[in-house]
Amino acid sequence: MKIRSQICGVLAAGCAVGVVVPQRAAAVISDEQFNQLVNKVDRDDQRIDQLEKTHQQDVQIHVQDQQKIHELEQKLGETHTIATGAAQKAEAASQMQPVASIAAGPSAKHNFMMVGDAEVQFAKPEGQHSGFQLADFAPIFLYRGGDDVLFEAGFDFMLANNAPGSAGYTTTVNLSFATLDYLWNDYVTVVGGNMILPLGTYNERGAGWLNKIPDSPMARGILQGNGVGMQLRGAVPIGDSGQMFTYAVYGVNGPGSTQTNTIALQNTIDLTSGNVSYPNMHANPSGGGRLGWFYAWKPHTDLELGLSGQSGEWDNNGQLLWSAAVLDAALHITPYFEARGEYIHTWQETADLGTAHPRGWWVQAGYKLAGLNLDLPYLSNLELLGRFDTLNDGLGTKTERVTAGFVYYFSNTLLFEGDYEFVHSRGGPAAATPGLLLQLSYGF
Amino acid sequence: MNGFSSAKTRPRAGRNLMAILVVAAVYAASLAVGRGEDAPPAKASKPAAKKKLTGAELYAINCNRCHPERYATEWNSSQWKSLMLHMRVRANLPAKQAKEIIKYLQEDAGN
Chain X
1 MKIRSQICGV
11 LAAGCAVGVV
21 VPQRAAAVIS
31 DEQFNQLVNK
41 VDRDDQRIDQ
51 LEKTHQQDVQ
61 IHVQDQQKIH
71 ELEQKLGETH
81 TIATGAAQKA
91 EAASQMQPVA
101 SIAAGPSAKH
111 NFMMVGDAEV
121 QFAKPEGQHS
131 GFQLADFAPI
141 FLYRGGDDVL
151 FEAGFDFMLA
161 NNAPGSAGYT
171 TTVNLSFATL
181 DYLWNDYVTV
191 VGGNMILPLG
201 TYNERGAGWL
211 NKIPDSPMAR
221 GILQGNGVGM
231 QLRGAVPIGD
241 SGQMFTYAVY
251 GVNGPGSTQT
261 NTIALQNTID
271 LTSGNVSYPN
281 MHANPSGGGR
291 LGWFYAWKPH
301 TDLELGLSGQ
311 SGEWDNNGQL
321 LWSAAVLDAA
331 LHITPYFEAR
341 GEYIHTWQET
351 ADLGTAHPRG
361 WWVQAGYKLA
371 GLNLDLPYLS
381 NLELLGRFDT
391 LNDGLGTKTE
401 RVTAGFVYYF
411 SNTLLFEGDY
421 EFVHSRGGPA
431 AATPGLLLQL
441 SYGF
Chain W
445 MNGFSSAKTR
455 PRAGRNLMAI
465 LVVAAVYAAS
475 LAVGRGEDAP
485 PAKASKPAAK
495 KKLTGAELYA
505 INCNRCHPER
515 YATEWNSSQW
525 KSLMLHMRVR
535 ANLPAKQAKE
545 IIKYLQEDAG
555 N
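Chains X and W supply the protein sequences, listed in that same order. Per my numbering, the very first residue in the first sequence carries number 1; after that it's consecutive. Per my numbering, the very first residue in the second sequence carries number 445; after that it's consecutive.
Bound-form chain X, shown alone (with noise of 0.2 Å):
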């Protein structure tokens, strides 16, 4: 009895301690190792997790690869169409009459357009009554042919009110100048025709929309302003600065005079070369030049200097001179500001009163209101001009003007221009007349 009581007793309290004590506790884990192995666990479910969503992004991307391969496919199907299309298309047109096409090549090398300036203008002289003095139409006819030769040709219509007292007006239509230009290389231009001489630089650069102030300056009278002739001009410049040297020489009809030659003043010789009334009676031409150096500081801060001349016979026997000589200066500082002027001076032989030395000079300057940012619009829009001018006329009388003006600029081509004018004279008439002159000027 005491052995099977005691057996039930111990397989009792084995059972017991079955119950009672974990299972794990039977193995021979510790909790450490335990808890390493539910951490890999976990890590190895994260790693699933990443391993089917690139699989399916494998998946989506295989699809797209699919729906581009059989775009793809359609595509070339189309374009087979298309290349069977052409080739019969093809084949049909070699079998019909070629006709002439219609190509596309380069742009036209010949070219034809116009420019030049308008004006009108409003007189008050003093002491006589106010006016539209003129209206005035200057077109400036281009025609490019090719890359090196141009032809130009410039026109004045001119419609004038006559001086007071006198009835109507005036119409006249003048060649200004026409040309044919050769650029024969990079150094020299071959000009020839009815030239604009380049005594100075007003002349050539002073169209009635640049001249700021509408009339020119007195000693602009006494030079020839154009000529009969042939020219050789161009330009050296001195390394990458726009500083450059320029020059011009030419060959033209100089003045002349059918007067005999015991008359002498600057009146009665033609130095228009161009008035019926004074033909080209000399023996030979003359001949003239300008030598200019420009050197620019930066964009609109630069100096330009010239200094020109010409000379030749004036009279019908071609034994009298008329000789020029032009110094020329042009000053700008900044946008705003501009000075220039220009020494003139002439000798005219004559047979009875020795050499005559008609000769002036006029400096001109202006500001533009723009350069103090007032950050007014309209008062921005003006220039302010100051011009002195004089004129010897070489037999004792002596003008001086005094101009103050300005010019309003409605756009970049569209000026407004009004200036008063105070004349001073010695020793005979003023070659002037004072007065108000207002001019509207466009440039086209």
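A hint or two may mislead.
Said to hold, decoys possible - Cut-off 25 Å, straight-line C-alpha distance, at most; resulting in silico cross-link-like pairs (DSS-like, lysine-lysine):
| # | chain 1 | residue 1 | chain 2 | residue 2 |
| --- | --- | --- | --- | --- |
| 1 | X | Lys124 | X | Lys398 |
| 2 | W | Lys547 | X | Lys109 |
| 3 | W | Lys543 | X | Lys109 |
Said to hold, decoys possible - Residues from chain X that keep clear of chain W, each with C-beta distances beyond 10 Å, as calculated:
| # | residue |
| --- | --- |
| 4 | Arg43 |
| 5 | Arg47 |
| 6 | Asp65 |
| 7 | Glu152 |
Unchecked claim - Here are a few chain X residues that face chain W, going by a calculated C-beta distance under 10 Å:
| # | residue |
| --- | --- |
| 8 | Lys109 |
| 9 | Val149 |
| 10 | Asp181 |
| 11 | Ala207 |
| 12 | Trp209 |
| 13 | Asp240 |
| 14 | Gly242 |
| 15 | Tyr247 |
| 16 | Arg290 |
For the record, the hints were derived by calculation from the structure and aren't laboratory data. Cβ coordinates follow ideal geometry from the N, Cα and C atoms, glycine included.
Starting from the known structure of chain X, arrange chain W on it as the hints suggest.
Structure of chain W alone, referenced to chain X:
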């Protein structure tokens, strides 16, 4: 050009105005010099002697000497070519500079 023919003389008024104009011109020049550094840089203001000038710079240097600058869109490319021939002759522009300027203008030329 006009009917001015009388010989009215005003010596004092003219000379006084001349003196005023001279003073005004000198003052304007000094203003311009003073503003030269403060003024907004021109479209193409670069040191002139240190590098080759661009077409824009050459355009600003040469064209504004005689007339207000024109817009590139005012003419088409072929017309600009004719105009540059005209200005190269009239203003005695060096060939290389004229070519740079025409390239600049043709970039934005009108149709």
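Verification of the supplied hints:
| no. | hint | result |
| --- | --- | --- |
| 1 | Lys124/X to Lys398/X | holds, 23 Å |
| 2 | Lys547/W to Lys109/X | holds, 16 Å |
| 3 | Lys543/W to Lys109/X | holds, 16 Å |
| 4 | Arg43 | holds, 65 Å |
| 5 | Arg47 | holds, 61 Å |
| 6 | Asp65 | holds, 45 Å |
| 7 | Glu152 | violated, 6 Å |
| 8 | Lys109 | holds, 9 Å |
| 9 | Val149 | holds, 8 Å |
| 10 | Asp181 | holds, 5 Å |
| 11 | Ala207 | holds, 8 Å |
| 12 | Trp209 | holds, 8 Å |
| 13 | Asp240 | holds, 4 Å |
| 14 | Gly242 | holds, 5 Å |
| 15 | Tyr247 | holds, 8 Å |
| 16 | Arg290 | holds, 9 Å |
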